[in-house]
Amino acid sequence: MSPQTPPSTTTSSAEMVTALVRLREALAGVALPLDVPGAEEHRTMRGEMVDQLEDYVLPRLIQIEAPLLTVVGGSTGAGKSTLVNSLVGRRVTEPGVLRPTTRSPVLVHNPADVDWFAKERILPGLARTPRATGDPGALQLVAADNVPEGLAILDAPDIDSVEERNRTLAAELLAAADLWLFVTSAARYADQVPWEFLKTAADRSTAVAVVLDRTPPDAVGEVSGHLARMLTARGLRDSPLFAVTEGVVDDDGLLPPEHVQEIRSWLGSLAADSTARAAVVKQTLDGAVRSLSRRTHDIADAAGDQLTMARRLREDVDRAYDEAIRRIDDASADGTLLRGEVLARWQEFVGTGELLRSLETKVGWLRDRVVGWIRGKPMQAERVTVAVESGLETLILEHAETAAERAEASWRSVQAGQHLLEDSGRDLGRASRDFRQRAERSVRDWQHGVLEMVRTEGAEKRSTARFLAFGVNGLSVALMVVVFAHTAGVSGAEVGIAGGSAVVGQKLLEAVFGDQAVRRLAAAARQDLNERVTALMDEERTRYVEVLDGLGIHEGDVESLRTVSRRVDDLRFRDSGRVPVAGTGAEEDAS
Amino acid sequence: MTALVEGAKKLVGRRTDVVDRIDGLDEAARAARGRLDDALVDEAAAVAERAGARLRLSGDHTVVALAGATGSGKSSTFNAVTGLELAAIGVRRPTTSWTMACAWGAEGAGELLDWLGVPKRHQVMRDSMLDTPGGTQAGSGLDGLILLDLPDHDSTEVAHHVEVDRLVKLADLLVWVLDPQKYADAAIHDRYLRPLASHRDIMLVVLNHIDTVPEARRASMVEDLKRLLKEDGLETVPVITTSARHGEGVPELTRAIAERVSAKKAVKARLMADVTSVARRMHEANGDARPGDVARDRTDELVDAFADAAGVPTVVAAVEESTRRRAAQATGWPVTAWLGRFKPDPLRRLHLDLGSRGKELTATARASVPEASQVQRARVDTAVRALADDVGAQLTPPWATAVRRASVSRLPDLNDALDKAVGGTDLGVRRTPVWWRLVRVLQWVLVLAALAGGLWLAGLAVMGYLQMPEPSTPRYAGFPVPTLLLVGGVLVGVLLGLVCKAAVRVSARGKARSADRRLRAAIREVTEKLVVEPVEAEVEAYKATRSGLAAALR
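Protein chains in written order, with numbering that gives the first Met the number 0: chain A, 0 to 590; chain B, 0 to 553.
Looking at chain A on its own, in the form it has when it is part of the complex (with noise of 0.2 Å):
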């Protein structure tokens, strides 16, 4: 039965059924989730590449003498289902006048095969059973002495129905073929659907033969001819054409049976021939092979395009957010703080004389405190550390609230990013929620670490006059400014002014620690800010980062795909004997 092979066959197919199962795992797990162009049409072709392997290429690799499987294929009302009856020679699928016709896929074989087909070994997919149903989930079996043992009939649903379901299994089933019999008509071998599916047949190398079913008498020669130099000009040269003409059905719905005789005979012949019938099973199965391992290179481009799209949306929201923190980092350091309300409240405390009294009296906390409780109002430090805290929470949520915005807008501007916007189901062009309170928290936070800086560097220096004069509040707000006013050295009268309170906060607080320490103390404050606005700013970062890494884009898989498509490659060379040539479709006129 099976056809003569070397005996390196065995150990090569099992190479190559390895390979194959590979590129399908490897086909199955990569993420193609981002609506890049062309993304949809490579989503389907990945699900055909996987049917077609599990449906076709690695049972018939598996098992190389079962049953040559005749698909019978085409368009809603070109008579497939009457060919089929007419071919077995009895009613086994149920023809109409209503379209679409054919409900669940009959598959009609010899009685000696069914153990090829009853088992779950090709088309996984389809629940096997004895009855015709309408669920096209299904594969009704139907045994006929009538069949030559050795092929199979299988009627499949037609392909351009408005019955969506029909299509797809219709191109699933043709995708399982070893030998399609295209079923077309007199009004419908123009049409675009089927030339279509006939076109990747052609690139596929499929075996096609293709029947011009119910023709006028006297249309025959013409359409025919018209048909086959269309079949020519799109590469279907080699494929057997046949005529039926338009026919009498008797009671049972079959045509005359000479109508059919060509075709019957042809497919007998070809069952009786295991030589001829494992050429088309190999120029079939080659073919499929072929195209799914230059497929897959497709897949890999496509699997790269996910990984550069994946990657360039990464960097829009880095660069929004870095350039967040770096417009914070700078604008907390240059003096800008100083400016408005924080400077006034500086001044007032410093200015007022208040800081040379206390200086003087050393009692200037005691007074501070006792005045502050009198006036009601806040003492004149702590005023200095709210205006710090709200110019800082309002830079740090304006940034936050541009950052998302910018984020969001250049993820918009492609659209993958706008399907991921609108799947997130969140509003990630605004800051989060809660973020003006965490921002709050951070402000208060970052002032207590400095209040605790200038504790834990007075820890000895407690007891000294300067230190008690102006309390820790105090000197953890001249702290303050010296950070502020780190870099400020930019023109312009009001940073002057600036720089000159940052001045009067740099020399009081050396006269209290002594220099290096306050520079020690006014990098490690600072320092302390730009973590705390990274932190913050990282948290907002998530939110995009989350989206995309739940995409399951993997690095690897581009790599990984076109390794195993390679390795089917390198097989299928060794096999047939060729050297592998540069480029994938090297074996392009191997049919």
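Read the hints as simulated data drawn from the structure, not as lab findings. There could be a bad hint or two in this list.
[Said to hold, decoys possible] Under the rule of at most 20 Å between Cα atoms (straight-line distance), these lysine to any residue pairs were calculated in the SDA-like manner:
1) B:168 to B:286
2) A:281 to A:234
3) B:225 to A:163
4) B:500 to B:489
5) A:198 to B:168
6) A:198 to B:156
7) B:542 to B:168
8) B:229 to A:163
9) B:225 to B:213
10) B:542 to B:275
Here the structure of chain A is known, so what remains is to put chain B in place on it, guided by the hints.
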């Protein structure tokens, strides 16, 4: 485009509701441009333009298109209805490659056919062939019909699909020719019938080749076709079974077409179906919510933030300080007041002390009010965002985005505009109050009096020193007048200076307040111009779109 609709208005006269609806759609498309999805807006604009163009052309003609798959018998049907062997029929697919047209009643048909893009050589004027043989029904009640035989939509010839897509948009009545083999094809249901469900009133479905179906099965096939049409949303569309080759059903079809043609409603129905279809989709994208108002406290917030960014507090403080200083110079005791001149005027430092003449000279002179700091800028951004959020809260995302985009569109000019506003505001420091001058005169009188008293006393002293006879010194209330003049002049002068200082403080505060008021008024204008105006323009556009769509859907 309005001109186009205007023209149409003139032509159709009383059918103004049609024009109003097209006008509304056109208006909506123009207002929504750049805000809603471009493809949708383009489509709406195209529909409005097409409808306007169609209205200007012959309203007495009805364009009926025979469309269908290759081999369904469009050309045979065409020949059967016209009674002429005009269209080529054959077994080779696809047969018809170009659109064939036959017009009954030549008046105005030529223009219409030109608009349809049917070349002259494919046009036939039915009444130019009075000697037509055969065609029993031809000409009966078909006056005003333009029958088109379209190419197929499902063959391998893609050029045919393009032609079909184009003419399906233009025809007034669509006759879909189906056949028993192809009536369930996805190509016709998914691409034409379902998307055109809104046009069900201007459609007919013909099931041709009915002769190839056994008599007994015809009814069930028609039922099945009706089931599919119902799934497409076309249950009201009449189905006529014909066999164009054998003439079966052709009279019924001709009658159905003739009815529609003589009723002359198809043109309007077609246009309205187009308008309704696209307007519905636009309406969906547009939403129907009321835009939020620009609330007073939101603009106040905005003005505060802008004022802060413009350095208004700095300027106001400078005004107070400057007024106080100048008043002190004017009303203080002249002997010490001149010392105040050595301190710099804070307004001068901000370059805001130039009088009106100075401003004329340096029309674009920038004030040296410090540029907005990051914090102030952040505050401005927050206020603007809050305002845009308020307005866009209820709107659909595209409009909310448009509002947001508009709200920040002019912010890059912020610094410049604020600077101009502050620099261009009359701070009211130039004018010197009358009482300053009075006090000043008084002060000088007092100084002179003291001086006179001093000189008098000095004269007396000199005369005493020279042992000259002492002239009698007048006395007042027991005190010698010169002493009184000297001591009184100095004392009253100093005292007056002190009293005035208190008054000056009040006055300076008043000046500062009025400067603040004026500055804020100027800045409110800036916020209007930079933020509120663009936002309101978006709101206007939204309202225009909404009302346009409401008119289009009326």
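Hints versus structure:
no.: 1; hint: B:168 to B:286; verdict: violated, 27 Å
no.: 2; hint: A:281 to A:234; verdict: holds, 19 Å
no.: 3; hint: B:225 to A:163; verdict: holds, 19 Å
no.: 4; hint: B:500 to B:489; verdict: holds, 17 Å
no.: 5; hint: A:198 to B:168; verdict: violated, 31 Å
no.: 6; hint: A:198 to B:156; verdict: holds, 15 Å
no.: 7; hint: B:542 to B:168; verdict: violated, 29 Å
no.: 8; hint: B:229 to A:163; verdict: holds, 17 Å
no.: 9; hint: B:225 to B:213; verdict: holds, 18 Å
no.: 10; hint: B:542 to B:275; verdict: holds, 19 Å
Checked against the numbered hints given earlier, this structure breaks hints 1, 5, 7; the rest are met.
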